[in-house]
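Spelled out from the first residue to the last, the chains are:
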Amino acid sequence: MYEASRRRPRPRLLPAGVIGVMAVVASACGGGGGNQSGTVTIKWYSYKEPGGSYDDAAARCSKASNGKYRIQLQVLPNDADQQREQLVRRLAARDSDIDLMSMDVIWTPEFAQAGWIAPWDPSAARAVTEGRLKPAVKTATWKGRLYAAPFTSNTQLFWYRKSLTPTPPATWEEALGAARRLAATGKPHLFQEQGQRYEGLVVWFTSLVASAGTSVLNEDGTKVVLERTATEKALRVMKEVSTSVAAPPALATAREDDGRLAWEAGSSAFMINYTFVWPSANGNAPAIAKDMGWARYPGIEGAGPSRVTIGGFNIGVGAYGKNKDLAFEAARCLTSEQNQLDAAIKGGLLPTTETLYDDPKLTQATQDVPNAATGKTQKVRSFPYADVLKATLKDAVLRPQTPFYNDVSLAIARTIHPTAGIDPVKDVDRLRSAITKALKGEGLE
Amino acid sequence: MDHKRAPLNRFLWVLGTIVVVLYALVPVAWLVSLSLKPADELSNGKFLPRSPTLDNYTGAKGVFNDPQFPSALRNSVGIALIATVLAVTLAMFAAYAIVRLDFPGKQFVLGGALAIAMFPPVSIIGPLFNMWRSLRLFDTWPGLIIPYMTFTLPLAIWTLSAFFREIPWDLDKAARVDGATPFQAFRRIIAPLAAPGVFTSAILVFIFAWNDFLFATSLTSTNRARTVPAAIAFFTGSSQFDFPAGQIAAGSVVVTIPIILMVLVFQRRIVAGLTSGAVKG
Amino acid sequence: MTTTAPPQAASDLARRPRARDAGTRAHISDRARAERRLGWMLCAPAVAVMLLVTAYPIVYAIWLSLQKYDLRFPADRRFIGLRNYGAVLSNSIFWQDLYATLVITVLSVAVELLLGFALAYVMHRAIFGRGLVRASLLVPYGIITVVAAFAWRFAFDPTTGFVNGLLNTDTSWFTKPWSAFTVIITTEVWKTTPFMSLLLLAGFTLVPDDLVRAARVDGATGWKRLTKVIIPLMKPAILVALLFRTLDAFRIFDSVYVQTRGAQNTETMSILGYNTLISRLNLGLGSAVSVIIFGLVILIAFLFVKGFGADLSQQRGER
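Chains as they are written, first to last, in our numbering: chain A, 1 to 445; chain B, 1 to 281; chain C, 1 to 319.
Be a bit skeptical, because a hint or two may be false.
Straight line, CA to CA, 25 Å or less: simulated DSS-like cross-link-like pairs of lysine-lysine [stated by the list, open to error]:
no.	chain 1	residue 1	chain 2	residue 2
1	A	K376	B	K61
2	A	K138	A	K390
3	A	K43	B	K61
4	C	K176	A	K440
5	A	K223	A	K134
6	A	K239	A	K187
7	C	K68	A	K223
8	A	K426	A	K43
Because the hints were derived from the structure by calculation, they are not lab data.
Model the full assembly from the supplied sequences, consistent with the hints where possible.
Here is the structure:
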């Protein structure tokens with residue numbers, strides 16, 4: 001890139017410079033004459049939260065800035081992989097249009113290493129990390145510096161049918177045993193999880209590997225760990241789940257929403273999924289929702305309680321933006337407790353501020369869920385499981401932290417997909433070699 | 001020779017025709033039907049909607065209220081039209097020279113064009129991406145117009161050459177004997193005669209630019225230049241985990257209708273453009 | 001993508017040398033020189049564009065492929081010789097993808113040839129409804145590939161689709177390689193057979209009716225007339241169609257991207273190049289993939305010309 005631009009004259013530089021100067025002049029002139037013309041537009045690249053909480057947060061913060069800035073939401077696709085692809089392409093092109101971006105928690109090392117996002121100075125960093133969940137803060141940190149403000153969090157729960165298993169199984173092995181017994185008596189017995197070759201499969205894998213007591217990479221993200229016995233254990237669980245009677249027929253292409261649909265159809269006894277399934281079941285399948293229980297993600301026999309993967313979004317400041325100071329300010333405002341609560345209530349997004357999980361404003365919050373069949377709405381508690389979420393998130397596990405995360409993730413998904421075809425012994429070696437290649441930037445996955 | 005054949009034969013031909021028409025139109029009809037289905041009928045596995053609705057088009061979540069689709073439509077039309085005009089203009093000059101003028105290097109032009117027709121676009125998206133980055137052409141109209149124009153030039157040059165060869169020689173010669181320069185001869189005499197061929201190659205070029213996905217997805221990233229195929233592939237559903245099949249179908253129908261109208265109206269020309277050269281040379 | 005191929009190209013190119021010369025060769029005069037200059041001038045813009053946007057980037061790709069160059073690590077850029085090629089060629093994924101691409105190419109082109117031949121025959125011999133057939137065939141030709149891919153993806157999808165109801169199965173088409181290939185190839189065949197059949201239709205017009213009639217008078221059966229008279233006469237048209245469709249199918253991208261994104265071992269060479277270059281911005285490694293694809297395309301074209309070139313020229317002689 002540097003070479004390319006040195007060899008070639010930059011035809012647009014002059015006009016861009018002129019425009020830049022004009023903008024400065026214009027804003028300087030406008031500054032005195034009233035706040036309207038001096039308002040800087042801060043562009044926030046993000047997927048759209050359908051409940052509208054992002055738009056509201058943008059509007060609230062713009063107002064609170066007293067005319068200093070106006071946050072404009074630039075909509076990205078819903079799929080996180082596609083969001084990343086679009087952002088990365090623009091950032092590599094040094095696009096100065098990106099002031100703020102919603103960043104999936106897994107992107108921080110890559111974006112930080114490439115110099116695409118600006119680090120936070122220590123005092124501002126303290127302000128946006130105080131009282132936040134430790135693992136959430138860790139996702140926004142790279143090489144000891146904070147690169148994004150923790151905003152929303154996410155994690156999966158274990159869902160079960162109270163009428164089928166009054167006490168929820170605590171481990172994968174127990175769940176499979178229960179599923180076999182249910183199948184033998186002709187009752188619903190499927191176990192829904194995410195088996196398509198995509199990020200969701202890596203989430204499943206990461207949770208299992210961590211629950212079995214090992215990790216994918218070492219602490220500084222430079223080497224594969226995947227300790228053999230533990231990894232084999234984790235892989236064996238995946239294989240068994242995928243080949244047992246409990247395996248859904250289309251597991252190899254199942255994403256979160258496929259699991260939800262199958263669950264609402266009533267054929268399943270267990271499901272690993274995010275909390276969006278709760279309001280959905282209440283609307284689409286009230287009978288099943290009444291029977292629906294939740295518990296901490298199952299552990300692996302003999303390896304203690306589960307460790308579950310953390311998800312969610314942080315807000316990063318684009319390194320090439322023209323108004324970085326204002327962007328930091330805006331990011332701080334957007335990730336405030338108030339906006340987190342709003343995103344939780346309107347969009348069902350879990351907060352990163354720990355105390356909110358005990359706050360009645362969240363725990364007692366209700367929402368109107370329209371019944372799909374009758375059209376009547378009913379009040380449903382939004383976060384009856386706040387305590388389980390909090391406990392899970394407090395010791396949640398991060399996906400591998402490395403600038404090569406995307407390569408590593410693809411390597412994992414590629415190696416273990418389809419899960420029914422896993423060979424627990426051989427795949428440990430295959431995973432190690434594929435991930436090692438990925439860390440060298442030589443993977444084709 | 002066939003007119004004495006039995007009615008059975010006639011029946012078989014009718015049947016064959018029906019099969020071909022079904023073959024071509026069923027997937028399109030399927031998209032139309034899918035786009036008219038309300039949300040709760042999407043997964044009923046039926047071909048036709050029970051209670052058709054325009055929600056996927058004009059509803060709150062419909063394509064016309066989508067934050068991306070309308071601008072993608074604008075980009076697609078603009079980019080495809082400009083690329084078409086440029087490609088056909090350049091091709092016209094080249095084809096005229098190839099057919100009417102004697103100059104060394106003619107083979108090189110034709111052979112080069114042929115080579116580019118076989119060229120795999122994926123081989124240059126990396127370099128183009130990197131160049132566009134430094135030239136600030138990334139995510140702009142020219143950033144797409146340039147590759148479209150390039151990859152359609154061969155088609156346009158060959159099609160136009162085939163058509164130009166059909167134009168009567170004598171008019172051109174007569175004009176030049178009358179003292180017109182070769183360029184005047186081109187403008188006054190040949191251009192009007194060449195119009196049908198120009199039009200035909202324009203349609204073919206337009207279809208290419210309208211169809212492209214690889215460049216569109218690699219060299220754009222926002223509403224500024226993203227075209228319809230890329231927009232449809234990246235459609236935003238109503239929630240993070242939701243897949244907007246109905247809206248995708250609606251968007252697809254919107255961009256397919258103009259193409260269907262175009263092929264219906266200009267079918268003779270398109271077929272001529274695609275086949276005439278192979279026969280007449 | 002089919003639209004790029006100028007069908008008349010190959011046979012045309014072969015004819016060119018005789019195109020126009022004679023006439024006023026005698027006086028190499030000012031006029032001839034002016035004509036020459038005008039010819040160059042008129043071709044220059046098109047040639048310049050084609051060179052700048054294909055030849056220059058491919059040379060640039062070769063240059064990039066010799067470097068370690070990842071846009072995510074801009075500081076770590078250096079010349080590493082052929083190491084990227086080593087990394088690509090020693091990776092089983094590359095061979096897997098090459099295999100998948102060849103499977104799609106060979107199967108879809110074979111089906112298209114048969115189906116396209118039948119359609120061309122229908123169009124050639126249809127007594128009525130010829131316009132109707134032709135117009136409907138242009139619909140798949142004109143439709144956006146991404147759209148076609150979605151139409152078939154939704155059709156085969158076990159929850160939204162109607163295909164399973166029609167076939168009375170509950171197959172999850174995209175969960176197994178063979179069925180995923182089936183859908184991808186179906187899409188490819190549906191979309192591009194019309195193009196193939198139009199090229200072949202042009203070939204049918206090369207077959208003189210009296211020759212077929214004569215064969216019939218001589219007592220040749222329908223099958224004999226087809227294999228002994230019609231197909232040999234159509235050979236050049238068939239070969240041109242095959243060449244273009246093979247190269248076109250080899251670079252398949254859109255429908256795989258939309259339908260599987262390469263899952264179930266359906267990843268093709270173009271998807272591999274795209275993922276490495278554009279998703280991961282690994283320009284060095286990705287360029288090595290690009291250059292290899294380019295080489296393979298040249299190889300295929302070369303094999304075609306080498307293997308069938310004689311047939312083309314022989315055919316011209318008979319005309």
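Here is what the structure says about each hint:
Simply put, A/K376 and B/K61 have alpha-carbon atoms about 21 Å apart, close enough for the 25 Å limit, and the pair holds. For the suggested pair A/K138 and A/K390, the alpha carbons sit about 16 Å apart, so the restraint of at most 25 Å is met. Note on A/K43 and B/K61: the hinted pairing holds, with a Cα-Cα distance of about 23 Å set against a maximum of 25 Å. A C-alpha spacing of about 31 Å is found between C/K176 and A/K440, which places the hinted pair above 25 Å, so the restraint is violated.
A distance of roughly 23 Å separates the Cα atoms of A/K223 and A/K134; the hinted pair therefore holds under the 25 Å criterion. For the given pair, A/K239 sits about 23 Å from A/K187 by alpha-carbon distance, which is consistent with the 25 Å threshold. Of the pairs offered as hints, the one joining C/K68 and A/K223 holds, with about 20 Å between alpha carbons and a cut-off of 25 Å not exceeded. Distance check on the hinted pair: A/K426 and A/K43 sit about 48 Å apart at the alpha-carbon level, beyond 25 Å; violated.
Violated hints, in rising order: 4 and 8; the structure is consistent with all others.
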